[in-house]
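Novice: On the provided structure of chain A, position chain B as indicated by the hints.
Going down the list, the protein sequences come from chains A and B. The first sequence begins at 1 in this note's numbering and counts up by one. The second sequence begins at 1001 in this note's numbering and counts up by one.
Everything labelled a hint here was simulated from the structure, so no lab data went into it. Positions of the beta carbon are idealized from the N, C-alpha and C atoms, including for glycine. Misleading hints may appear alongside valid ones.
Derived coverage of chain B by chain A (criterion: at least 3 residues anywhere in the stretch with Cβ under 8 angstroms from a Cβ of chain A; other residues may be distant) [what the hints assert, rightly or not]:
{"id": "1", "region": "1008-1020"}
{"id": "2", "region": "1211-1222"}
{"id": "3", "region": "1257-1268"}
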Amino acid sequence: MPAIELDHVSRHYQKYSAKHRFQTFKSAIDKGDLFKSLRADEVVAAVDDVSFVVEKGETFGLVGENGSGKSTILKMVAGIAKPSAGRLSVQGKVSALIELGAGFHPEISGRENVFINGIMLGLTKKEITKKFAEIVRFAELEDFIEAPVKTYSSGMYMRLGFSIAINVNPEVLLVDEVLAVGDAAFVPKCLDRIDDFRRRKKTILFVSHDLSTVSKICNRVAWIKSGKIKMIGEPKRVVDAYMQDVTEEQEAEFRDRKDEAAAVAVPSPPSEGKIATPAPAAAAEPVPAPADERREQRWGKREIEIRKVVLRNGRGEEKHVFHPGDVMLIEMDIAAREPVKDFVFGIGVFTSMGVMCYGTNTNLEEYESVSFAGEGKVVCRIDELPLINGTYYLDLAVHKRDGYPYDYHRNMYSFLVSSMIRDEGVARLAHAWEFSPEIGIKSPVKGTETP
Amino acid sequence: MKLADNLKEVFKHRLLIRTLVGRELKARYRGTVLGFFWSFFNPFLLMVVYTVVFGFIIPARDESIGKPLAYAVFLFSGLLPWTWFSSSSNDSANVLMVNGNLIKKIMFPAEVLPIVSVTSNFVHFLFGLPILLVFLILFGKPLTAYIFLFPIVVLVQYVFTLGFCLLISSLTVHFRDIKDILSNLLTFWFFSTPIIYSFGSSVFKDRPAFQQILSFNPMTHIFTAYQDCFFFGRLFHWKRLGITLLVGLILFWIGYAVFDRLRDSFPEEV
Chain A
1 MPAIELDHVS
11 RHYQKYSAKH
21 RFQTFKSAID
31 KGDLFKSLRA
41 DEVVAAVDDV
51 SFVVEKGETF
61 GLVGENGSGK
71 STILKMVAGI
81 AKPSAGRLSV
91 QGKVSALIEL
101 GAGFHPEISG
111 RENVFINGIM
121 LGLTKKEITK
131 KFAEIVRFAE
141 LEDFIEAPVK
151 TYSSGMYMRL
161 GFSIAINVNP
171 EVLLVDEVLA
181 VGDAAFVPKC
191 LDRIDDFRRR
201 KKTILFVSHD
211 LSTVSKICNR
221 VAWIKSGKIK
231 MIGEPKRVVD
241 AYMQDVTEEQ
251 EAEFRDRKDE
261 AAAVAVPSPP
271 SEGKIATPAP
281 AAAAEPVPAP
291 ADERREQRWG
301 KREIEIRKVV
311 LRNGRGEEKH
321 VFHPGDVMLI
331 EMDIAAREPV
341 KDFVFGIGVF
351 TSMGVMCYGT
361 NTNLEEYESV
371 SFAGEGKVVC
381 RIDELPLING
391 TYYLDLAVHK
401 RDGYPYDYHR
411 NMYSFLVSSM
421 IRDEGVARLA
431 HAWEFSPEIG
441 IKSPVKGTET
451 P
Chain B
1001 MKLADNLKEV
1011 FKHRLLIRTL
1021 VGRELKARYR
1031 GTVLGFFWSF
1041 FNPFLLMVVY
1051 TVVFGFIIPA
1061 RDESIGKPLA
1071 YAVFLFSGLL
1081 PWTWFSSSSN
1091 DSANVLMVNG
1101 NLIKKIMFPA
1111 EVLPIVSVTS
1121 NFVHFLFGLP
1131 ILLVFLILFG
1141 KPLTAYIFLF
1151 PIVVLVQYVF
1161 TLGFCLLISS
1171 LTVHFRDIKD
1181 ILSNLLTFWF
1191 FSTPIIYSFG
1201 SSVFKDRPAF
1211 QQILSFNPMT
1221 HIFTAYQDCF
1231 FFGRLFHWKR
1241 LGITLLVGLI
1251 LFWIGYAVFD
1261 RLRDSFPEEV
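So that you can see chain A by itself, here it is in the shape it has in the complex (with noise of 0.2 angstroms):
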């Protein structure tokens, strides 16, 4: 049975042009009709066409960028705002938590404050008395439950909130982010709490940023783009494309950055027989630069030319997200004019920061050039990726064995190791942990994995 059913539904708002936005009472007399001039000049679908259904039980996950329309779709479920077209239909009391403490008066104390609330969020004056001293156990706030709002930290604020809302016992919860500002210690309890919730069959819609927290506890995802459905369905796989995409578009933009820097740093490649202009200055020597001074940059005479560079999967598709297990191809497309005996071919793998994780070239294995010319093609295969979470950059050369560049490619090129494990540091190590019997330590439940 559903729960939460969304049928085609549409949220428009209006944008009021700055004029408007001053327009006064008597202008808008004078113009003659009063809601005319409340019309919008322009109107933006925050939320545009969306269809999906929660089943009753089910732990349904919204992901998105920041103003992708997640949130206008979790009021519209909570009844707040009203879709404008389309239906929407849901089961059963529903509880948001959206803002947390909404509607707190400052001046009066935690106490009466939790009735307020309470009452504003459906429940009875009996129901709250009732639940009120576990409201306020589960907020830590026995000793300041008789003391004004104003006086809470921004923590014990919050904590209040949540605890009401989730005695509420709604049969179906939203929850907008509301964890992001709970401290280390009661951000676990919240989502044990949640955890309740979903093994009491209760139907939540979850909306974080928190990738990790979202593919361990929903069922299903659905990800949002520019008020639209992008993909839904199982977690990792959902999460996975929207990191994927989150991905490409910082690469569209780096290399938007790049082009722009191209125009001034990179030569145009030589025609023939001409002598190139002189590379930068610095590119003689192909030191790393400090961290804050790696800029994607190209340098070299191009005697050998690497054309074209692409990262490939182990079935050979091109991607820019990878797993810490995945296979990782680096493609280079390469061409020479003339023959050439003295060739190295190298990579470098650098943090976001220019820390270089590892580097190598065919020289350092003692590969031997002999000769090459016209067209080939360089694959350098890494079949695993024990990195940890984060962007990382390449540098890729053609040069000689003494160091003179060919051609070289200072962090032009990117991709993305998503993992979910939080280790730091710049590498994995591979590893596993033995504990003796007399520690008591659980094993860490395993969330959804990729089928």
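Specialist: Just chain B now, with coordinates in the frame of chain A:
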């Protein structure tokens, strides 16, 4: 019917209204030493000032009111309900903006907010009544049984005020100028209502046109009725008050319609 549905929805939220009115009243005197006592003390001090000024310094000339000390009581019997009306209007002009976070984040009918403004000011009005009674007994004309009719006048004023406040609160969201217009309008309205003078004053004998104009002001009949109940101790002009109630109902209907029409724009505009 739309209005009926809306009213049903509001009725469902009566507990919320009651709680918010309570919150409003509690929050107003929170942190003061005298607390609720201020609700009596404020009108009492006002009454003392009027008694001194109009009883001893500038004695009023209106024969229909009687001796100068009585004038202060007469004035007070109009000022008390006027304070209810003007404070409600001023509060309503801000109420949707002040509670913007509620409208944006929690689902409940927004008209609850102006209703709470009008109602909490009404409670303050009630707190002032004992003071009025005490001074009526001390300086005024003898009380009569007609005083028990005043709840009818209160009802008429409540409907009228609520209609006005619904209109004001929803329009101010889009036209913030209304706040300034309102304060001027209220001053003008105050003097066009028989509060500091009486509707039956001998001044109007020579200038009946004035009286004619005044009778187009619905407030005239409400306040005359208050004075009849409290001060003069006679039956109010029930036909005029009946028509005023009708006007109040129409204003309420218009105010609610405008409020309803603009309702969806509140979460974005407040």
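Novice: Next step is simple, just say for each hint if it's right about the structure.
Specialist: Status of each hint after checking the structure:
no. : hint      : in the structure
1   : 1008-1020 : holds (count 4)
2   : 1211-1222 : violated (count 0)
3   : 1257-1268 : holds (count 6)
In this structure, the one hint that does not hold is number 2.
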